[in-house]
Amino acid sequence: MDQMPKAGAIPADARPVLAYDGKISELFGIFLLNLLLTIITLGIFRFWAITRIRRYLWSHMRFEDTRFTYTGRGKELFLGFLLAMLILILMFSAVGVVFAVLAKSHPVLAAIPIGAAYLGLFILFGAAHFSAQRYRLSRTEWRGIRGGMEGSALRYGLSWLLLLLACVVTLYQAVPWMQVGLARRRIDASRFGSAVFHCEARAGRLYLTWLATIVGYVLLFGVIVVIVVASEWSSFARVVSGAVKGQGADAAIMRATPVIIAGVLAFFVGSGLLTTWYYTRLSRLILSNTTAVIPDAQATLRFGTTMTAGSLLWLVVSNVLIALLTLGLGLPIVLHRYARYIARTTYMTGTFDANALMQSTLARPSLGEGFLQALDPGIV
Amino acid sequence: MSRFHDGQHGATHIVQVVVFGRELRIVGADDVTLAVWKLAQIEAAPEVDPDGVVTLTARSQPGVLLVDDSTELETLQRAGIKLPGHKAWTRRRWVAVGVGLVATIGVGIVAVTALPRWLAAAIPIAWEQRLGEPAEAMMAGSKTRCTGEAGQVALDRLVKRLRVAGGIEMPVTIAVFDDRLSNAFTLPGGHVLVMRGLIDMANDGPTDGPLLAGVIAHELGHVAHRDAATMLLRSMGFSMLRHMVGLGDAGGVVASGASNLLNLSYSRAAEAAADATAIDLLTKAGLRADGLSRFFARMERRAGASEAKPVDRGGITLEWFATHPSSDSRRERTSRPETGELPFTDAEWQAIRTICAR
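Residue numbers (my numbering), protein chains in the order written: chain A, 1 to 380; chain B, 381 to 738.
The following block holds chain A by itself, in its conformation from the complex:
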């Protein structure tokens, strides 16, 4: 059932998965109080701040006309973070001790604990994303039914590391396999109540897109360099040939600066377009090959997205500009626009039978996403 859908080929019975009805003004109220308390508490309030924002966003997302509830607590995030820090500190202390012991007698062997620590840190970093998703799903309720995730976060971290190494070894040719493979692993592990998610996307479908993206980067770079050099040839030629030196060379380079800046900007815009084109195809491939099945019920949901490269590029560029021009204070607008975009573009087809959906039997993790907060914190 692996497919790469055409843009605009939306099934007749498609309907939005989510409806978002948040208001920027309310989000601002939450954000400003968060900001104040975070500054006053020297950052400790961050965990409660994230929880407050999530509670707002979740409660303004509806599925089948019922709102989601976020049941996580700031305390869980905070304790999770403390635990993760403790483990990291113990890990590094242990590495330090082993290194100190080995360094004198076997200088070569002493590299082993350092290398092991690096590998361990990479695996933890990958695992952190898996367990953070597990925490969020387990704290998401819909009609009293909660989500969850099956499987081992560490195994996911190991796959993350191996796929990353594959990307490096193949000079980034394996990137689609990494991205699709990791998304598939996370989706396949996800549950909501008794509903089981499944993803059949195959990265091979995306390889040509990726190849075209890389070739596009290189071509774009080459063309822009040629244009820049040609347009300020008189300046560059004197520097390269050695006709001017020292101060004179600096002056010549200075004269070409506006053209160089224009070239860099052109590269940003062009490569941004290529990147969003690739990410649009990636999202479409993953979502359109994802299903949610409730066992013992004649109910299968299929997903898809109406996302286009143009709309995604506009969203990302305008959001970055909003964040920069408001000195970061426009963050609620950015969050609001992302939430609205996701709700607007994601659709589903097929039947959903709420009466057949049963409660999750998976255990709830007691602490929240500590390693992610320690290693790769974000705003939501």
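Keep in mind that a hint or two might mislead.
Listed below are several chain A residues computed to face chain B (Cβ distance under 10 Å; list not exhaustive) [stated by the list, open to error]:
hint, residue
1, L37
2, G144
3, I145
4, G193
5, D353
6, N355
Calculated directly from the structure, the hints in this document are not laboratory data.
The beta-carbon is built from N, C-alpha and C at its ideal position, and this holds for glycine as well.
Could you slot chain B onto chain A? The hints should help.
Below, chain B alone, put in the same frame as chain A:
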């Protein structure tokens, strides 16, 4: 009309709630009792949901009860269940948060502007010296140090004279490096580094000695004000604040931009203060104090000659964005008559000019 989700299925039950003794009975269609909750175990979510619905759960029992009917809510309240208030954002709360934010940001700005200066002044000299060592080692590693012995003696003599005149506590070392830049730097711990280009620039005979002495006196001004340590502490403070507040990636970019701008404006103030101290040191030591303004004049002439003054390109003056205020205004402010002793003897000046010769 209240709704009940039993926590086992995804179905929605339309229910009525009845308080019965110390229990709450949740009754569905056909008068079937779907759940019985102990009143003492019932908790309401801290916020009313966007449709004005109150969400209730019971500890140790599954299920979610959603109530929006005002008479039923009243019944629950009378039974002793604490319900969340309406979450309307009153104007007073907005004002309170706004004032709090402005006050906090004000305190934060004071903390990153004034605090580093006080802290830097409080750091023991020995500590600051240790702080500067790695930076000097790095500098020495990438460039060749000039070792002309007589030139070094002459420079040391000038530094000592200025230090004594200004009562500068911090021990100062001065070193010349073989680099074509016409510049000098001060590292934490009183390490003054002079680039060869600066000495080459003073090529107008022994009367150019005051020019070099002026720049060195300016650097000693930085040492006296402990600017290098202040700058270090300030940038550390900025990055700490940035990580603590944690505005995410976009916020981080903005914060680092803002901190760079602020740093630039502080360093402009620091440069002006070091200029004033330089004149003061030279005058107290009885030396000619016109060198600094002549240095600025020469920098201007050089910039004019290569017509590469990029800041004037668009017709706007970007003076505010420059670390050092424009040499034009600095030249005027440091302008002094050609009176006083020359800083170096002819033999000393010759030795300094050839300090990098091997």
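Each hint, compared with the structure:
{"no.": "1", "hint": "L37", "verdict": "holds (9 Å)"}
{"no.": "2", "hint": "G144", "verdict": "holds (4 Å)"}
{"no.": "3", "hint": "I145", "verdict": "holds (6 Å)"}
{"no.": "4", "hint": "G193", "verdict": "holds (7 Å)"}
{"no.": "5", "hint": "D353", "verdict": "holds (8 Å)"}
{"no.": "6", "hint": "N355", "verdict": "holds (4 Å)"}
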